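Protein chains in written order, with the working numbering: chain U, 1 to 348; chain B, 349 to 696; chain E, 697 to 1044; chain D, 1045 to 1392.
Among the hints, a few may not be true.
As the list claims (entries may be wrong) - Only some residues are given here: those of chain E computed to face chain B with a beta carbon under 8 Å:
| # | residue |
| --- | --- |
| 1 | Pro770 |
| 2 | Trp771 |
| 3 | Gly795 |
| 4 | Val825 |
| 5 | Leu922 |
| 6 | Leu930 |
| 7 | Arg991 |
| 8 | His994 |
| 9 | Arg996 |
| 10 | Ser998 |
| 11 | Asp999 |
Claimed, not checked - Mimicking DSSO-like on lysine-lysine, the simulated pairs with C-alpha atoms at most 30 Å apart in a straight line are:
| # | chain 1 | residue 1 | chain 2 | residue 2 |
| --- | --- | --- | --- | --- |
| 12 | B | Lys515 | E | Lys916 |
| 13 | U | Lys192 | U | Lys145 |
| 14 | B | Lys540 | B | Lys515 |
| 15 | B | Lys459 | U | Lys111 |
| 16 | U | Lys220 | U | Lys192 |
| 17 | U | Lys167 | D | Lys1155 |
| 18 | B | Lys540 | B | Lys695 |
| 19 | E | Lys841 | B | Lys568 |
| 20 | E | Lys888 | E | Lys807 |
| 21 | U | Lys220 | D | Lys1211 |
| 22 | E | Lys888 | E | Lys863 |
| 23 | E | Lys888 | B | Lys568 |
| 24 | B | Lys647 | B | Lys695 |
| 25 | D | Lys1189 | D | Lys1236 |
| 26 | D | Lys1264 | U | Lys220 |
| 27 | D | Lys1189 | D | Lys1155 |
| 28 | U | Lys347 | U | Lys220 |
| 29 | E | Lys807 | E | Lys841 |
| 30 | D | Lys1264 | E | Lys807 |
Treat the hints as calculated values from the structure; they're not laboratory data.
Source: prediction; values computed, not measured.
Ideal placement from N, C-alpha and C gives every residue a C-beta, glycine not left out.
4 protein chains.
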Amino acid sequence: MFFASDNAGPAHPAIMQALMDANQGFALPYGADDIMTRVTARIRDLFEAPRASVHLVATGTAANSLALACMCQPWQTVFCSPVAHIHEDECNAPEFYMGGAKLTLVGDSDKMTPDALRAAFAAEETRGVHGPQRGPVSITQVTEKGRVYTLDELSALTAVAREFGQKAHMDGARFANALVALGCTPAEMTWKAGIDAVSFGGTKNGCPGVEAVIFFDPDKAWEFELRRKRGAHLFSKHRYLSAQMEAYLADDLWLTSARAANANCRRLADGLAGVPGVQMLHDPQANMIFAHMPRAAHKRLSDAGAMYYVLDGDVNTGDPDEPLPCRLVADWSISAEQIDQFVALAKG
Amino acid sequence: MFFASDNAGPAHPAIMQALMDANQGFALPYGADDIMTRVTARIRDLFEAPRASVHLVATGTAANSLALACMCQPWQTVFCSPVAHIHEDECNAPEFYMGGAKLTLVGDSDKMTPDALRAAFAAEETRGVHGPQRGPVSITQVTEKGRVYTLDELSALTAVAREFGQKAHMDGARFANALVALGCTPAEMTWKAGIDAVSFGGTKNGCPGVEAVIFFDPDKAWEFELRRKRGAHLFSKHRYLSAQMEAYLADDLWLTSARAANANCRRLADGLAGVPGVQMLHDPQANMIFAHMPRAAHKRLSDAGAMYYVLDGDVNTGDPDEPLPCRLVADWSISAEQIDQFVALAKG
Amino acid sequence: MFFASDNAGPAHPAIMQALMDANQGFALPYGADDIMTRVTARIRDLFEAPRASVHLVATGTAANSLALACMCQPWQTVFCSPVAHIHEDECNAPEFYMGGAKLTLVGDSDKMTPDALRAAFAAEETRGVHGPQRGPVSITQVTEKGRVYTLDELSALTAVAREFGQKAHMDGARFANALVALGCTPAEMTWKAGIDAVSFGGTKNGCPGVEAVIFFDPDKAWEFELRRKRGAHLFSKHRYLSAQMEAYLADDLWLTSARAANANCRRLADGLAGVPGVQMLHDPQANMIFAHMPRAAHKRLSDAGAMYYVLDGDVNTGDPDEPLPCRLVADWSISAEQIDQFVALAKG
Amino acid sequence: MFFASDNAGPAHPAIMQALMDANQGFALPYGADDIMTRVTARIRDLFEAPRASVHLVATGTAANSLALACMCQPWQTVFCSPVAHIHEDECNAPEFYMGGAKLTLVGDSDKMTPDALRAAFAAEETRGVHGPQRGPVSITQVTEKGRVYTLDELSALTAVAREFGQKAHMDGARFANALVALGCTPAEMTWKAGIDAVSFGGTKNGCPGVEAVIFFDPDKAWEFELRRKRGAHLFSKHRYLSAQMEAYLADDLWLTSARAANANCRRLADGLAGVPGVQMLHDPQANMIFAHMPRAAHKRLSDAGAMYYVLDGDVNTGDPDEPLPCRLVADWSISAEQIDQFVALAKG
């Protein structure tokens, strides 16, 4: 009963098998492997973007930081949600890679609104050289609170960035979960909605560790390659990244896994809806639930070894009915039995 | 009638004369000049801090950025007001010098409160290596809205920093204006109130361009010297910095000038209080006024060549009575006649 | 017949199997996995260093850059060979991670001598804050020209660093190849010879991609953890790094593989010794050969699909006997048949 | 008898008077002062470069570091002499401002030759993303050993840079001394010889502290402005920089001062030529002498309070005739009497 994160489950067996299959003979290093050639073609095809540049790295923080460094000068600021992963969970890696650029926090929610974004852009008056200069917006899709921007919402945000002459990045660590939730195409959720570059996640959806960075306009491709090497993120035995991504995209495995994760989350949410005292922050749209859990239920679950995050700021007052704010994440590999067992324990 | 800033008036004649006096013969470069020896002794004496290390630079942004770089690791975050100069007016210089550290904005005002600071420290839960790590607090005295922290307020803020194991920096670009407003000693406003390092401004109070950085614990002295040189802020002909600072501190010129600036501001505020339609954000405590000015008055003043800042976000609706948010800064050199003429024009 | 590099061959099947075995159920992320606990214990045991801190990353450049960033301030300079990987092959990654520190090139060979190192330290007179300040020495073992420092040579170099108050780093991308060449223990080749930190390579010796950074004095352990996260090198699904390293060290696989690679290199060298016109730069000590190859032999080999590096600066004069400077690297997986076929082709 | 450096003498009285004259009333801050408008026009006229962008900073290290940061990406390397000021005397400031770029040392002398430069460019084979990428050349005129590149030599060096698609920077800390030595125009010594940007020094030639950075192609002008602010080098009371530069350029003061310094150096050299045992490294071309001084002469001079640098690596063997390597720099303010007194003391 592991619901702590989608970064702790097993990799999909088909992806592991692809690693084994790739482990034959010699392969050109540093991204010149044949598998990477196929991965690039496949991603261009999937995204209906024949000119896109495609680059692989092993961590989501590397994908975000390197992509943003290509989009943001050191004297600029990136606009993002105050709970964005790039702000809260990357130990200043974006600032490091961008050479000291800022992040400007937009609004007070996981989802930026066009009005809040416009106000933030407007407030960031640069007064010549004195203030931080405006830079790109970075949109987290799925948000860190488990919500999904609609296509209209995405388009509205990127339109605001364009009003101010800026570009748009998508942190798609859970890209697939959002895509299947929206039922749209990759192109629709990205460049057709005004996104210029995307961190296309694999790790949270069944890969051991691979993320693609995709630039729809390839003019930054060579700069990205240099930044990746300089950041020490270029794998010599690159085929072990390529093989993960190839298997991830083969036979719609990435979509199947994301649908499974979202469905597991739905089953869990439906079950928890029947638990007295459980309150959900909002109806889950992808694979994450934010809920208040009664302390007595939490104790039963903990005692049984269930794992999930209890969020910041908890103070135990000793009242067993006092709700406890929690985050629960479902991945593709959780079984219906585990979910049902979890719900049963919560019910008590 | 120049009230745009205290960085645009003339330098005090006594300081200019000191530059002339210093211009005799050869002097050892790079801070080894005899004048600097006297400046260090004088500042240690003034601050009752015989072990303090003292360093001169030419700009306030250099003083702040270099001081903070000695106090904050690249993976940490500095706590400051959302209108702090280091956040709004230094084009990411602190982030550059700190190697990509963050600034965490505390509360929604120019003055941080202990509660808001404690909440900000507490919210910056680092969750191991994932979040930005907590760093020092930086306190702007006088604030960017012209207010002055009391000694109790300063002590309360630095106490919060210490609760979390962190140090405290003071951006004292208008140190003298605050000091004479409080009527306390330099020691009381700094290390006795828990401040570890101070950017001690001269430029806004009658110097052509000099700021001292003072560390009360000299363990960072050598690191500062290296960072200053690496930042290209070490003057070869250093005597022209030292001479400014020596004259600034001689015969209490710095206090006299600050008292003059504050008194000029008081005269202006008192005059504006009698102008119909003028509303002050708060009663000025040092040398800055934030006020709403009727548009008709603004037009008369502008036509007469008066200069001051109209603040962000103005939209002219065509209504001559609609108030216009303005900032007016008085320096030591403004004459009573200019102030009275300004008030008379405002009255119409 | 692939002799281009030891970063292009297959991973050892036992290591791939370990990845499969690790892919069971949920595991704590970010280095908290059980396998990592065992890896740390194993490395401490192997190195007879019970207090050592152990950290895993995926690339050798990350290992070097992060280790050096913990050992060298931005205003210092690292002493290394002019052909060191950190200088020639990492696209300024060390400088990026160190915040702009320099590399000082020692002597004109792949192997630094104590005299050349002492001269370089002495020449780097800092003249107060003006010059780059002295920093650590970084020693590449095996060198980039395939030679191995003896234990006495290592001790002599680290002793020079200590004369100047500095520490010593070992770039051990081919650590195992050197170790089996010397027939010594890991402790003897590192801390007993004065090495403070080592980049302990796995990738070039049969792993898909894993390197350990080992600090014998753990006082930098937490800083390393923060720098790794900030550098985006902390894997969420860390078990896939740990599992590689565990299998690499199990049953002396790392030593067996290195012995195989060195033996393959020896077989190749012995074969080439019988090829007319081939001149070796020096007798190979590990798994790399630097040799001049007659052009006619090179053409036969190229036509047959053999791969190896032709070194910089070649100008084809059209003379078929003119020697061509080449680098040939043998990994553990090359077969005797391939080697013999290569030699036969070279002979013509 | 101060010959230690041209950064320790007094500023020229005319420049000090200009500071006094500029100290009237209010002036727009941050470079918007009227004097700066005139300075820009004057420099464009002097350099026959009507489109040039002109920027002032207070230190030569700031001029060099900011100019190079606009010309060199963090993954590139700057080509310069091994004794260049940017390499030996700026405590890694260029690397800091460039975000971790390298310096590649060309040849083994203060003067780069086209052949050595071409060899250095050629050797810096980048092998795709792996090696440092080629960046601009930086030429020190006057060199750090007191020699002056001829116009043909400058053109030959910049032509080599262009062969490799790179630009050329001139560190002109002693620009005026070189110019009067060559008897050419500023345009001839810069853009007509292929120089793209110049650090145009004032501090070593009679200013308290001001340097101009000039870009002949202004496409980097705005980036420079942002980098200057972010580097904390933008003066609020900018008029005190502008006024120095205006007076420096008025009535050919800069040329007069440089001619005086060079003539003083010539007088000193001619005098020293008659001192038994003095050996000059080469005949001085500007205002610096590198000479071996007999120890007995050195003792007489030291005892009399004469100041100059004894160079690195001296070991006193006790032999009074053993020569001592020294650097002597003449500025505009040294009197003939002091020079003659120095020579007389040297003669004994």
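Tested hints:
1. Evaluation of the E/Pro770 hint against chain B yields a held restraint, the C-beta minimum of about 7 Å falling below 8 Å.
2. At a threshold of 8 Å, the smallest CB-CB gap from E/Trp771 to chain B is about 5 Å, leaving the interface hint in force.
3. A cut of 8 Å between beta carbons decides the hint on E/Gly795: the least distance to chain B is about 5 Å, and the hint holds.
4. For E/Val825, the interface hint holds, the least distance from its beta-carbon to any beta-carbon of chain B being 4 Å, beneath 8 Å.
5. Using the Cβ-Cβ criterion of 8 Å, the hint placing E/Leu922 at the interface with chain B is satisfied: the shortest such distance is roughly 5 Å.
6. For E/Leu930, the interface hint holds, the least distance from its beta-carbon to any beta-carbon of chain B being 7 Å, beneath 8 Å.
7. Annotation: interface hint on E/Arg991 violated; nearest CB of chain B at approximately 50 Å, more than 8 Å.
8. The interface hint given for E/His994 is violated, since its Cβ lies 48 Å from the closest Cβ of chain B, which is over the 8 Å cut-off.
9. Annotation: E/Arg996 was flagged as interfacial toward chain B, and the flag is violated, the nearest CB pair being 53 Å apart, outside 8 Å.
10. Using the Cβ-Cβ criterion of 8 Å, the hint placing E/Ser998 at the interface with chain B is not satisfied: the shortest such distance is roughly 47 Å.
11. Hint on E/Asp999 is violated. Least Cβ distance to chain B is approximately 51 Å, over the 8 Å limit.
12. Between the alpha carbons of B/Lys515 and E/Lys916 the distance comes to roughly 22 Å, so the proposed pair stays at or under 30 Å and holds.
13. Note on U/Lys192 and U/Lys145: the hinted pairing holds, with a Cα-Cα distance of about 24 Å set against a maximum of 30 Å.
14. The suggested pairing of B/Lys540 with B/Lys515 holds, with an alpha-carbon distance near 13 Å, which does not exceed 30 Å.
15. A distance of roughly 29 Å separates the Cα atoms of B/Lys459 and U/Lys111; the hinted pair therefore holds under the 30 Å criterion.
16. Simply put, U/Lys220 and U/Lys192 have alpha-carbon atoms about 19 Å apart, close enough for the 30 Å limit, and the pair holds.
17. Restraint check: the Cα-Cα separation between U/Lys167 and D/Lys1155 comes to about 46 Å, which exceeds 30 Å; the hinted pair is violated.
18. A threshold of 30 Å between alpha carbons decides the hint, and for B/Lys540 with B/Lys695 the separation of about 45 Å lies outside it, so the pair is violated.
19. Taking the CA atoms of E/Lys841 and B/Lys568, the gap is near 42 Å; set against the 30 Å cutoff, the hint is violated.
20. Between the alpha carbons of E/Lys888 and E/Lys807 the distance comes to roughly 20 Å, so the proposed pair stays at or under 30 Å and holds.
21. A threshold of 30 Å between alpha carbons decides the hint, and for U/Lys220 with D/Lys1211 the separation of about 21 Å falls inside it, so the pair holds.
22. For the hint linking E/Lys888 to E/Lys863, the alpha-carbon distance of about 13 Å falls within 30 Å, and the restraint holds.
23. Simply put, E/Lys888 and B/Lys568 have alpha-carbon atoms about 33 Å apart, too far for the 30 Å limit, and the pair is violated.
24. Between the alpha carbons of B/Lys647 and B/Lys695 the distance comes to roughly 12 Å, so the proposed pair stays at or under 30 Å and holds.
25. Distance hint between D/Lys1189 and D/Lys1236 is fulfilled; the C-alpha atoms sit about 24 Å from each other, no more than 30 Å.
26. Distance check on the hinted pair: D/Lys1264 and U/Lys220 sit about 19 Å apart at the alpha-carbon level, within 30 Å; holds.
27. Distance check on the hinted pair: D/Lys1189 and D/Lys1155 sit about 9 Å apart at the alpha-carbon level, within 30 Å; holds.
28. Restraint check for U/Lys347 and U/Lys220: not satisfied, since their Cα atoms lie roughly 53 Å apart, outside the 30 Å limit.
29. Only pairs whose Cα atoms come within 30 Å are accepted, and E/Lys807 paired with E/Lys841 is accepted, the gap being roughly 9 Å.
30. Under the criterion of a C-alpha separation no larger than 30 Å, the hint pairing D/Lys1264 with E/Lys807 is inconsistent with the structure, at around 43 Å.
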